[in-house]
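Turn these sequences into a full structure, and let the hints guide you.
Protein chains in written order, with this note's numbering: chain A, 3 to 393; chain B, 8 to 76.
Worth flagging that the hints you see were computed from the coordinates, not collected in a lab.
Mixed in with the good hints, there may be bad ones.
[Said to hold, decoys possible] Stretch-level coverage of chain A by chain B, calculated; a stretch enters the list once three of its residues show a Cβ under 8 angstroms from a Cβ in chain B: (1) 131-144; (2) 173-181; (3) 189-200; (4) 274-284.
[Stated by the list, open to error] Partial pick of chain A residues on the chain B-facing surface, computed with a CB cut under 7 angstroms: (5) 170; (6) 289; (7) 290; (8) 293.
[Stated by the list, open to error] Under the rule of at most 20 angstroms between Cα atoms (straight-line distance), these lysine to aspartate or glutamate pairs were calculated in the EDC-like manner: (9) B:58 - A:160; (10) B:58 - A:154; (11) B:58 - A:266; (12) B:58 - A:162.
These figures come from a predicted structure and were not determined experimentally.
No residue lacks a Cβ here, since even glycine has one placed at the ideal position from N, Cα and C.
Each chain, written out:
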Amino acid sequence: MFDAPGSSPDQAFGVGELTTLVKQALEGGFPPLWVKGEVSGFKRHTNGHWYFSLKDASGQLPCVVWARDTRRIPAPPDEGMAVFARGQLTVYPAQGKLQFMVDALEAEGEGLWKKAFDALKAKLDAEGLTDPARKRRLPCFPRTVAVITSLDGAARRDIEAVIRRRHPGVHLVLIGAVVQGEGAPASLVAALDRLARWGGADVAIIGRGGGSREDLWCFNDESVARAIAASPVPVISAVGHEIDVTIADLVADLRAATPSVAAEHAVPILAEVQEHLRRLGGRLADALEDRVVAERRSLTTQLERFTLRATRMVERRRARVQQVAGRLEALSPVATLSRGFTVARDAEGRTLATRSAFAVGATFDLLVQDGRVRARTESVHADAPHLPSRA
Amino acid sequence: MSFEQTLARLEQIASSLDRDDLPLEEALRLFEEGVAKLREANTALGEAEGKVQRLIEGASGVFALEEEA
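The structure is reproduced here in structure tokens:
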């Protein structure tokens with residue numbers, strides 16, 4: 003019996019029927035697998051799919067990457083690049099063509115990741131978004147620290163622990179985000195947007211704990227980088243471990259090696275702040291005390307100077323008094339009296355120096371060197387008292 | 008005045024007080040201000056409660072903070 007399909011014109015396959023059978027046979031016989039080769043004839047279709055061939059010395063394999071799968075590949079491959087492609091071997095029935103449907107593509111070494119990283123970095127560099135001059139100083143004493151990360155990740159616990167240890171008074175606000183996988187960039191951008199619109203944080207930490215390069219890739223996303231650069235709140239990036247440098251690190255105000263280090267940068271140690279305050283208080287008190295001591299010293303000096311001046315003035319005056327006293331003594335009637343002269347005075351103590359001062363019969367005093375003599379005027383004469391006739 | 012501004016003012020006061028050419032009256036006034044600022048700063052440090060909260064955005068774009076366990 004010749005009833006097997008395709009065994010006679012009567013049993014001929016339809017073209018579509020056969021290519022579909024081949025497709026099923028191929029897909030059943032080859033599970034998803036990795037193929038290595040060089041990229042040739044890369045084309046990006048307007049609908050977002052990528053087309054190229056993988057070649058080596060003896061063969062060529064037409065490849066397609068559907069648009070939705072290209073999103074997981076950091077960058078399109080270069081012409082001639084040696085790559086590893088994972089995919090499903092199939093037939094494209096409409097063209098009867100062998101086709102490898104690629105869903106993962108890796109270049110040797112850093113390859114595509116580095117290419118994508120470098121391309122985005124160059125773009126952001128050109129716009130000045132990675133310029134160190136753009137980086138803002140973090141507040142020294144934040145009251146509220148926002149943390150954008152996975153709510154159940156290790157990073158969140160690390161940050162919380164470090165902040166509690168350093169400064170139990172700081173307020174921590176978590177903004178949950180997806181930090182790996184396809185939805186991560188959009189989720190991170192949404193969280194940054196919330197941070198900006200909320201406006202309650204003094205500083206923000208964005209990041210996640212360690213992971214594979216693919217896991218961390220959302221922090222190399224352009225939209226995330228732009229959202230960080232646009233943040234009104236200073237941002238500390240903390241992605242993975244020390245060795246993981248991402249685009250987010252380049253645009254953030256500060257790159258911390260790990261989430262724990264980010265927390266250390268974000269918050270001061272309370273005890274140190276208190277110590278600083280104590281020192282400031284001490285400085286104020288010391289300064290005032292110095293000032294008081296200086297004032298007192300200045301007062302003492304002034305007092306001493308004044309005393310010295312006063313003493314000198316008194317001495318000078320005393321010297322002058324003595325000098326005057328000497329002169330007075332020379333003029334003193336006492337000295338004259340001691341030489342035998344007398345002075346006549348009336349009862350009121352007025353010196354009777356001329357004839358007219360004497361009234362006949364009136365009494366007066368004669369001062370002599372050792373006392374007083376009461377006398378009476380007998381008569382008054384115009385002639386000199388020292389006439390020899392009288393002596 | 009933020010904590011940072013308060014501290015900056017304190018530093019400024021301390022530096023001014025270190026100068027000898029400041030009139031005594033001004034020095035005393037600055038000292039008093041410094042003591043008030045110190046008290047303010049210490050109070051601010053003791054005030055914060057240190058909560059851990061989650062930022063929640065309501066339907067109308069209103070933000071709320073929810074206590075975290």
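Consistency of the hints with the structure:
Coverage of the segment 131-144 of chain A by chain B holds. Counting CB-CB distances below 8 angstroms, 3 residues qualify, and the rule asks for three or more. With 6 residues having a Cβ less than 8 angstroms from any Cβ of chain B, the segment 173-181 of chain A passes the three-residue criterion, so the hint holds. Under a criterion of three residues with beta carbons nearer than 8 angstroms to beta carbons of chain B, the stated coverage of the segment 189-200 of chain A is upheld, 4 such residues being counted. Given a C-beta distance limit of less than 8 angstroms, the hint that chain B covers the segment 274-284 of chain A holds, as 6 residues qualify and 3 suffice.
A hinted interface residue such as residue 170 of chain A counts as satisfied when its beta carbon comes closer than 7 angstroms to some beta carbon of chain B; here the least separation is about 5 angstroms, so the hint holds. Annotation: interface hint on residue 289 of chain A holds; nearest CB of chain B at approximately 3 angstroms, less than 7 angstroms. Interface hint status for residue 290 of chain A: upheld, as the beta-carbon distance to the closest one in chain B is roughly 5 angstroms, under 7 angstroms. Interface restraint check: residue 293 of chain A against chain B, minimum CB-CB distance 5 angstroms, threshold 7 angstroms, status holds.
For the hint linking residue 58 of chain B to residue 160 of chain A, the alpha-carbon distance of about 16 angstroms falls within 20 angstroms, and the restraint holds. For the suggested pair residue 58 of chain B and residue 154 of chain A, the alpha carbons sit about 18 angstroms apart, so the restraint of at most 20 angstroms is met. As the CA atoms of residue 58 of chain B and residue 266 of chain A are separated by approximately 18 angstroms, the hinted pair is consistent with the 20 angstroms bound. Note on residue 58 of chain B and residue 162 of chain A: the hinted pairing holds, with a Cα-Cα distance of about 10 angstroms set against a maximum of 20 angstroms.
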